[in-house]
Amino acid sequence: MADAHSTPAHTTVPRRDWLLSDAPASRRQAAWGKAYRMWLQFRANHLAMTGLVTVVLLIVVALAAPLLATHDPAVINLGNRLQPPSAENWLGTDDLGRDLYSRVLYGARVTLGMVVAVVLLVAPIGLVVGIVAGYAGGIIDRILMRVTDIFLAFPRLVLALAFVAALRPGVTSAVIAIALTAWPPLARLARSETLTVRRSDYISAVKLTGASPARIVVRHIAPVCIPSMIVRVSLDISGIILTAAGLGFLGMGAQPPMPEWGTMIATTSGFILDQWWVPTIPGVAILVASLAFNLLGDGLRDVLDPKQE
Amino acid sequence: MTGPDLPPQGWSRLASGALARGGDIASSLLGILVTLFGLVLLTFVIGRTMPIDPVVAIIGDKAPPGVAERIREELGLDRSLIEQFWIYLMKLLQGDLGTSVMTGQAVTADILQFFPSTLELATSAMIVALLVGVPLGILAAARQDSIFDNIVRVISLLGYSVPVFVLALVCLLVFYAKLGIAPGTGSQGIVYQGMVPFTTGMIVLDAALDGQWDAFWDALAYLAMPAFLLAFITMSLIVRMTRAFMLEALNGEYVTAARAKGLSEARILWRHGLGNIAGRLVTVIAVIYAGLLEGTVLTETVFSRPGLGFYLTRSLLNADMNAVLGATLVIGVIYVCLNLLADLAQRLLDPRAR
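Taken in order, these protein sequences are the chains called X and C. Heads up: the first sequence at position 185 corresponds to 185 in the working numbering, and the numbers run straight through without jumps. Heads up: the second sequence at position 223 corresponds to 532 in the working numbering, and the numbers run straight through without jumps.
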């Protein structure tokens, strides 16, 4: 009970009661209590928990791929191509005799790596653009939102394809292209959240105390936007995964021999009629990953931001 | 509330309302123009930052040195970027998107030839998705948390989580290879190819217009699988939005009032509930319809259907930049126009949006 040190009055109270207390004695207790209540609500949602567990498993698989793999994902063995699942190759082999199980595991690395890169790029951009537009208002707002509209005027995959074509195909280009198409909805969201609190009393109070605009934005507006941003990003991840896989499938994303799921399907889709498992297995991996993030996102939305749909 | 924020009364209020509405439409039209200009600028920038030299793409790298310079001049690539953009914009206004290196035709002509097939696929998918999705969403909302609701939600969740190209491959495997109840890839059987004259460009419709009923059924059979596939994915989005809107509407006080009046549940759902959400639903459906253009890119590639998506990916693989940017721009313009139409439709259907 690390918490007990700062709250001696509660040393004898079990941790659960401390967390669920109606009269928190400190800010910290209130914050932890709120988080705990959210967790209880989240835990009661079986679909959301399924999503969370699957996402955690995916992350573990991605990190531990070298330990879990039974073969080197890059080793070609033409004498052993297109084999059905067996004790030696758990999910069979692809058209170059590479072990599918190991390649699918390493594929989780590529896909999650792309997801992390895109999120790290777009979340700050979306947040900053949205808050600046919402807080500054006027001409700055109009210009920023017009730029956002222009990027929103293309279906995501189409714009990403055009960008990748200009940049030349590869994982880095795919990440940049997807990021370019993923920030506008986040900026819109951050802007609308900012607009709802911009004129509220607590902001006026902070202004009266002489806080600079930068301080107001960073300390008092950004935190308000974070929960809905988390929800939106987690729901967006499935779209990022599908776009990355779609780019790979069209030959515009990760390039062979990299074990990216969409690319794996692209190079083996011709075998769908005879060795159906070869392109289908990476397809199932994409479905599982995208489904897991959707379930997680739905669960997070119910807890963090019930008004958003 | 201070004075100026009070709503004006009587006639002046009506007049200012009408003015505001006119101003609204004017400013949203102006906004659209700015967005369209931005689209053109964006595609221009993409086109000019590409690493592939367009001159080399046309003449290859073995041409004598003088030729490259001449072509560069012909293409206007020796001028400043602003001049180039101006020329690009002027040509665009005349409907000139340049020439496709791959087909040797004007990109505009190519797009006119390929787009109808995409329109046919997207529209038939949308019709099926609407007919199934809207009722499912409404019924699921009416019986919230029932077994029916949960099944609908899971199916819809699967629909927007599944990669469309994987589903397309699996459908080909099951319905074409294993069950043999669907034709394979393409848009027509080999017997009928070249038989149907190009009227609208939509093969099913053209065959019917020409009275070639064998060709009609054949083309319809080829259309069925990709259309149902896209319909499933589209439906899952429509179900999700309809259900959410409906749940919100059913919590409204007017629904309680309607119940108190003794109206039947069916009348409440279909008249009051649907009537109330129709405006918002139309907006969402327009966005989803525009998004179908994206689904068709992958579906047409898997099914080798000669549509805009197929044209786009084939041009990409051949580094045919004029064709890529032309197709991208056209898709963007369609997207913007659909959004504008949705906006106008919502104003018509939903007085609250005015």
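Each hint should be verified, as a subset may be incorrect.
So, partial list: chain X residues that the calculated Cβ filter (under 8 Å) puts toward chain C [what the hints assert, rightly or not]: (1) Ile139; (2) Ser269; (3) Gly270.
Reference excerpt, derived from the structure (chain C facing chain X, CB under 10 Å, subset only) [said to hold, decoys possible]: (4) Leu348; (5) Leu351; (6) Ser433; (7) Val437; (8) Leu439; (9) Ile464; (10) Leu466; (11) Val633; (12) Asn648; (13) Leu650; (14) Ala651; (15) Ala654; (16) Leu657; (17) Leu658.
Worth flagging that the hints you see were computed from the coordinates, not collected in a lab. C-beta atoms are modelled at their ideal positions from N, C-alpha and C, and glycine is treated no differently.
For each hint, the structure was consulted:
Against a cut-off of 8 Å between C-beta atoms, the interface hint on Ile139/X is violated, since the closest Cβ of chain C lies about 13 Å away. Evaluation of the Ser269/X hint against chain C yields a held restraint, the C-beta minimum of about 6 Å falling below 8 Å. Evaluation of the Gly270/X hint against chain C yields a violated restraint, the C-beta minimum of about 10 Å exceeding 8 Å. Hint status for Leu348/C: holds, given a least beta-carbon distance of 6 Å to chain X, under 10 Å.
At about 6 Å, the closest approach between the beta carbon of Leu351/C and any beta carbon in chain X falls short of 10 Å, and the interface hint on this residue holds. The criterion of a C-beta within 10 Å of any C-beta in chain X is not met by Ser433/C, whose closest approach is roughly 19 Å, and the hint is violated. At its closest, the beta carbon of Val437/C sits 20 Å from a beta carbon of chain X; the interface hint therefore is violated under the 10 Å criterion. Checking Leu439/C against chain X by beta carbon gives a least distance of about 19 Å; that is not within 10 Å, so the hint is violated.
Contact between Ile464/C and chain X, as hinted, is not supported at the beta carbon level, the nearest pair being about 12 Å apart and thus beyond 10 Å. Interface hint status for Leu466/C: upheld, as the beta-carbon distance to the closest one in chain X is roughly 6 Å, under 10 Å. Look at Val633/C: its Cβ gets to within about 5 Å of chain X, closer than 10 Å, so that hint holds up. With a least beta-carbon distance of about 8 Å to chain X, the hint placing Asn648/C at the interface is held under the 10 Å criterion.
Here the hint on Leu650/C is broken, as its CB sits about 14 Å from the closest CB of chain X, past 10 Å. Contact between Ala651/C and chain X, as hinted, is not supported at the beta carbon level, the nearest pair being about 13 Å apart and thus beyond 10 Å. Violation of the interface hint for Ala654/C is found here, the shortest Cβ-Cβ separation to chain X being roughly 18 Å, above the 10 Å cut-off. Of the supplied interface hints, the one on Leu657/C is violated, with its beta-carbon coming no nearer than about 22 Å to a beta-carbon of chain X, more than 10 Å.
Below 10 Å, beta-carbon pairs count as interface contacts, and Leu658/C has none with chain X, the closest being about 20 Å; its hint is therefore violated.
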